[in-house]
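Participant: Chains H, B and U supply the protein sequences, listed in that same order.
Those letters in the first sequence? Residues 502 to 622, per my numbering, in order.
Those letters in the second sequence? Residues 343 to 793, per my numbering, in order.
Those letters in the third sequence? Residues 77 to 254, per my numbering, in order.
These are computed hints drawn from the structure, not numbers from a lab.
Misleading hints may appear alongside valid ones.
[As the list claims (entries may be wrong)] Examples of chain B residues toward chain U, derived with CB under 7 Å: (1) Gly428; (2) Asp448; (3) Gly542; (4) Ile548; (5) Ser572; (6) Arg575; (7) Val578; (8) Glu580; (9) Leu701; (10) Leu734.
All C-beta atoms in this analysis are idealised placements derived from N, C-alpha and C, irrespective of residue type, glycine included.
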Amino acid sequence: MTQSVLEVGKSELAPEGISRVDSPEGFIAVYELDGAYYATQDGCTHARASLSEGEILEGELIECPVHGGTFHIPSGRAVGFPCKTPLRTYEVVDTGRTLLIHLERQAAATASDGETNTNGA
Amino acid sequence: MNGRKGIDPQTSCREDVALESLMDLDKGRMSRLVFQHPGLYERELERIFARCWLFVAHESQIPKAGDYVTTYMGQDNVIIVRQKDGGIKGFLNSCPHRGNKVCFADAGNARQFICNYHGWSFAIDGRLKGMHASEAFDSTGFDFEGHGLHPVARIDSYRGLVFATLDDRAPDLADYLGDMRYYLDAVFDMDDEGTEFVGGCVKSVIRCNWKLAAENFVGDALHAGWTHDSGARAMVGEGVDDLHKSPERSYQVNFNGHGWEFNQDIIGNCASLGDKELVKYLYAMQPRVAERLDDFRSRMIGSISSCTIFPNTSFLAGQNTFRTWHPRGPQEIELHVWTFVNKSAPPEIKERWRKGSMLTFSPSGVFEMDDGENWEYATRTNDGYVTRRQDLYIGLGRHTRVHDTSLPGNVYQGQVNEANQRAFYQRWLDLMGAAVWSDVPRRDVPTEAAV
Amino acid sequence: MNDNCAMADAAVDMLLHHRITQFLYREARLLDAERWGEWLALMAEDIHYWMPMPENRRRADRMKAYEAGRGALFDDGLLDLHRRVARFKQPSAWAEDPPTRHAHVVSGVEAFHAEAAGEYVVHSTFVNYRSRGERDNDFLVGRREDLLRAHANEFRLARRTIFITQSVFLAKNLNTFL
Numbered sequence: 502m503t504q505s506v507l508e509v510g511k512s513e514l515a516p517e518g519i520s521r522v523d524s525p526e527g528f529i530a531v532y533e534l535d536g537a538y539y540a541t542q543d544g545c546t547h548a549r550a551s552l553s554e555g556e557i558l559e560g561e562l563i564e565c566p567v568h569g570g571t572f573h574i575p576s577g578r579a580v581g582f583p584c585k586t587p588l589r590t591y592e593v594v595d596t597g598r599t600l601l602i603h604l605e606r607q608a609a610a611t612a613s614d615g616e617t618n619t620n621g622a
Numbered sequence: 343m344n345g346r347k348g349i350d351p352q353t354s355c356r357e358d359v360a361l362e363s364l365m366d367l368d369k370g371r372m373s374r375l376v377f378q379h380p381g382l383y384e385r386e387l388e389r390i391f392a393r394c395w396l397f398v399a400h401e402s403q404i405p406k407a408g409d410y411v412t413t414y415m416g417q418d419n420v421i422i423v424r425q426k427d428g429g430i431k432g433f434l435n436s437c438p439h440r441g442n443k444v445c446f447a448d449a450g451n452a453r454q455f456i457c458n459y460h461g462w463s464f465a466i467d468g469r470l471k472g473m474h475a476s477e478a479f480d481s482t483g484f485d486f487e488g489h490g491l492h493p494v495a496r497i498d499s500y501r502g503l504v505f506a507t508l509d510d511r512a513p514d515l516a517d518y519l520g521d522m523r524y525y526l527d528a529v530f531d532m533d534d535e536g537t538e539f540v541g542g543c544v545k546s547v548i549r550c551n552w553k554l555a556a557e558n559f560v561g562d563a564l565h566a567g568w569t570h571d572s573g574a575r576a577m578v579g580e581g582v583d584d585l586h587k588s589p590e591r592s593y594q595v596n597f598n599g600h601g602w603e604f605n606q607d608i609i610g611n612c613a614s615l616g617d618k619e620l621v622k623y624l625y626a627m628q629p630r631v632a633e634r635l636d637d638f639r640s641r642m643i644g645s646i647s648s649c650t651i652f653p654n655t656s657f658l659a660g661q662n663t664f665r666t667w668h669p670r671g672p673q674e675i676e677l678h679v680w681t682f683v684n685k686s687a688p689p690e691i692k693e694r695w696r697k698g699s700m701l702t703f704s705p706s707g708v709f710e711m712d713d714g715e716n717w718e719y720a721t722r723t724n725d726g727y728v729t730r731r732q733d734l735y736i737g738l739g740r741h742t743r744v745h746d747t748s749l750p751g752n753v754y755q756g757q758v759n760e761a762n763q764r765a766f767y768q769r770w771l772d773l774m775g776a777a778v779w780s781d782v783p784r785r786d787v788p789t790e791a792a793v
Numbered sequence: 077m078n079d080n081c082a083m084a085d086a087a088v089d090m091l092l093h094h095r096i097t098q099f100l101y102r103e104a105r106l107l108d109a110e111r112w113g114e115w116l117a118l119m120a121e122d123i124h125y126w127m128p129m130p131e132n133r134r135r136a137d138r139m140k141a142y143e144a145g146r147g148a149l150f151d152d153g154l155l156d157l158h159r160r161v162a163r164f165k166q167p168s169a170w171a172e173d174p175p176t177r178h179a180h181v182v183s184g185v186e187a188f189h190a191e192a193a194g195e196y197v198v199h200s201t202f203v204n205y206r207s208r209g210e211r212d213n214d215f216l217v218g219r220r221e222d223l224l225r226a227h228a229n230e231f232r233l234a235r236r237t238i239f240i241t242q243s244v245f246l247a248k249n250l251n252t253f254l
C-alpha cells in the first residue's frame with residue numbers, strides 16, 4: 502500500500518458506529534451508516550474535540566461531543582451551530598473485509614456538494 | 343417582661359450570639375433569634391447545609407444516563423446527573439471559569455453541559471471537555487483536569503431517595519439516617535419495587551424561616567385539629583380527630599434530629615384526600631407490609647402523621663407529598679414539592695395520588711393554604727425588637743418517653759407532643775456548635791434493629 | 077399551548093363576542109366578591125379546570141414547559157372545585173379571616189366557534205391582584221384558554237386552562253380561582 506491509502510480491517514472497527522484511526526494525516530473518524538462507510542477528519546473544525554467520541558444523529562449527522570455542533574457525514578458539510586467550516590472527508594472503498602481510505606481523495610458526496618468550502622450556516 | 347429564666351434577654355444583633363443562650367430544652371423553652379438573626383443564618387449555611395446529608399433527587403427522576411435534575415443544597419444550586427455506569431454524580435451548577443450558571447433547565451437529558459458565557463463544555467461526569475476558541479488556551483499551560491465542575495463531596499441513596507453532602511468528612515448516609523431507616527422502610531420499602539416520584543415538581547415561596555416548616559412536619563400533630571379544621575371539613579365533612587384523647591394509639595420517634603410523629607390508624611392521612619380508592623389500596627397493602635416488615639410499621643403507611651429528615655426535607659405518608667424547604671435567608675424558603683407512589687401501584691391509583699396530593703398540599707392546597715400564614719407571621723413578628731427577646735414554649739410532652747421498648751430510636755407516647763421538635767433543635771444546636779463533624783455529639787447511636 | 081384556533085372555523089360575530097366578554101367580566105366580579113356559590117354555578121358538569129405549573133425545559137426537550145400529568149395548582153373536576161369552595165366557606169378557614177381583597181382583571185378576549193355547535197373557544201389574558209393584611213400583596217399574570225358552552229341565555233365553562241408565567245409560585249397560597 503502507498504502512503505496515500507490507509508487499510509483498515511472491519512473487525513478493528515468499534516461496534517458503536519464510529520471509530521478513530523491514526524494516519525499520517527492525523528486522526529480520522531470512520532463511520533458506519535446502514536452498511537455504508539465514510540471517513541472524515543476526527544478533529545472538529547470549531548474547537549478542540551474528537552468527533553469519534555460524538556453521537557450519530559438522524560439525517561446522517563455527526564454531533565460533536567463538546568458543543569453539540571453537527572456535520573453531515575457523507576459530505577463533511579457543517580450543519581448545526583457552532584460549526585461553520587466543513588470537515589475534510591476521505592473517499593472510502595469497501596473491499597468486503599477491509600476498508601481502503603484514500604487520504605488524497607475526498608468523498609464523492611463532498612465533490613458533488615455545492616456548499617463545500619464555503620462558510621455555510 | 344416575662345422574667346422566665348434560662349434565655350438571656352440581652353442577646354442582640356451582635357455578630358456572636360451565644361449558642362447556649364438559645365435553647366433550654368429541658369425546661370421547654372427556646373429563643374426567637376433562631377428565626378430572625380442574620381448571623382445565625384449564615385452560620386446555618388456553614389454548619390447545617392454545607393455539612394449534612396441533603397435530599398437531592400429520587401432515583402426515578404433520572405433513570406437514563408445523561409438524565410439530570412437541578413436543585414439546591416442550602417443556597418447552592420446543584421446538578422444531579424445519572425452516569426453511564428449507572429451511578430449518580432452531583433456538581434455545583436456554576437462554571438469554574440467566571441462562575442456563570444451552567445444549566446438553566448429544571449430537568450432533562452444532556453450529553454454535555456455548556457456554559458453560555460464562553461462555551462466551556464462539561465461531560466456528564468463533570469470533566470471539562472473543551473471550550474469555544476480552545477486553541478487560545480492551548481499555549482497558556484491551561485490545566486483541563488483542574489477545571490471540571492466542582493463535585494459534591496458524597497452522594498448516596500436509601501430506598502430510592504438520593505442524598506448528597508458537601509462535606510467529605512460527613513458520616514455515611516446509613517449512619518446519618520440511623521434508626522430512621524427502620525421507619526422509612528414502612529413507606530419507601532412496602533414491596534420489592536419501592537417508590538417513584540409521579541408527575542412534576544411544584545415550587546413556591548413562603549416568607550418564613552425554614553425551621554418553622556421543618557419543625558411543623560417533624561412533630562406537630564397538635565396544629566392539625568386547629569389550623570386544618572377548614573380543610574378537613576371541606577374534604578371529609580368533619581374536623582380532624584381529637585388525637586390527644588387517645589395517646590396510646592400514636593407515637594413520636596426521633597433520631598439524630600430526624601423525627602416522625604404518627605398514628606397507628608393506617609389510613610388517617612390518606613382519608614383526607616377524600617378518595618375511597620386510595621384508602622382501599624392502602625388497606626390492601628397493609629397486610630403485605632405487615633408480613634414483609636411488621637404489624638407496627640404496617641400501620642404507618644398512610645396514617646395521620648408527618649416526618650422530617652433533618653434538616654429540611656419532609657413528607658406525609660398517605661397524602662404522599664414529599665418536599666424540601668430550601669432556605670433563602672432567615673425569613674424565606676423556596677419549597678419544592680413532589681408526589682411519591684409505589685412503583686407497583688396501578689396507573690389509576692398513581693394518578694389519583696398525583697391529583698389528590700396537589701389538591702391538599704400545594705399553594706392552592708386546601709390544607710397547605712392555612713399553614714403559610716402561620717409560619718410567615720411566626721417569622722415576621724420577630725422583626726420587633728422587644729418581641730424577638732421573648733422566648734418561646736416548646737415543652738409539650740416532656741414526660742412521655744417510652745424506655746421499655748424494642749422499637750429503635752427515641753420513642754415517645756402520643757403524637758400530640760413536642761418531643762420531636764426538642765430533638766430537632768438539640769441536633770441543630772449540636773451542629774451549630776461543632777466546627778467539624780467529629781466534634782458533633784453522638785447522642786443517638788444506630789441500633790441493630792435498624793440495620 | 078394548544079392552538080385551538082386550528083379547530084375553530086371563524087371568529088364569533090360582534091354581539092356574541094360582547095356577550096362572551098360580559099360573561100367573563102361577570103365571572104371575575106363574582107370572584108372579587110367571594111360569591112363562590114354563584115361562581116360554581118357557572119361551571120359545566122364536565123368541567124376540567126387546569127392550571128399547570130410550568131417547568132424550565134430546554135427548547136429541544138421533548139417535554140415542554142406546560143405538560144399534562146405534571147405539577148399543577150388546579151387539575152380539577154367539579155367535585156374538586158366544590159371542595160375548595162367548601163373550605164373558603166368554613167368559619168375556621170383562618171387564612172380567609174380577615175378576608176383577602178381581590179381584583180381579577182380580564183382582557184384580550186378572543187372568541188371562536190369550536191367544532192361542536194354552541195361551543196366556543198375563548199382566549200383571554202388576566203391580571204390577578206390579592207391584598208391581605210397590611211402588606212401582603214400578590215400579583216399574578218397569565219393567559220386562559222376556555223371552552224364555553226351556550227346554556228340557557230348565557231354560558232357554562234366546560235374547560236379552562238390557565239397559563240401562568242411563574243415557575244416558582246411567588247405567593248404563600250392561591251386562595252382564589254383565576
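Participant: Holds or violated: is there a CB of chain U closer than 7 Å to the CB of isoleucine 548/B?
Facilitator: For isoleucine 548/B, the interface hint holds, since the closest Cβ of chain U sits about 5 Å away, which is under 7 Å.
Participant: Holds or violated: is the Cβ of glutamate 580/B closer than 7 Å to a Cβ in chain U?
Facilitator: Result: violated, 11 Å to nearest chain U Cβ.
Participant: Interface hint check: serine 572/B, Cβ to nearest Cβ on chain U, cutoff 7 Å. Holds or violated?
Facilitator: Holds. Min distance 4 Å.
Participant: Have a go at the glycine 542/B hint: is there a Cβ in chain U nearer than 7 Å to its own Cβ?
Facilitator: holds, 3 Å
Participant: Are leucine 734/B and chain U close enough, Cβ to Cβ, to be under 7 Å, as the hint says?
Facilitator: Not OK, violated: leucine 734/B not within 7 Å of chain U, min 20 Å.
Participant: Was the hint right that aspartate 448/B lines chain U, CB cutoff 7 Å?
Facilitator: holds, 5 Å
Participant: Going by Cβ atoms only, is valine 578/B closer than 7 Å to chain U?
Facilitator: Cβ of valine 578/B sits 10 Å from chain U, so the hint is violated.
Participant: Verify the interface restraint on arginine 575/B: the C-beta must sit less than 7 Å from at least one C-beta of chain U.
Facilitator: For arginine 575/B, the interface hint holds, since the closest Cβ of chain U sits about 5 Å away, which is under 7 Å.
Participant: Please check whether glycine 428/B passes as an interface residue: C-beta within 7 Å of a C-beta belonging to chain U.
Facilitator: violated, 23 Å
Participant: May I ask you to test the interface hint for leucine 701/B with respect to chain U, counting a Cβ-Cβ separation under 7 Å as satisfied?
Facilitator: At 6 Å from the nearest chain U Cβ, leucine 701/B passes the 7 Å test, so the hint holds.
Checked against the numbered hints given earlier, this structure breaks hints 1, 7, 8, 10; the rest are met.
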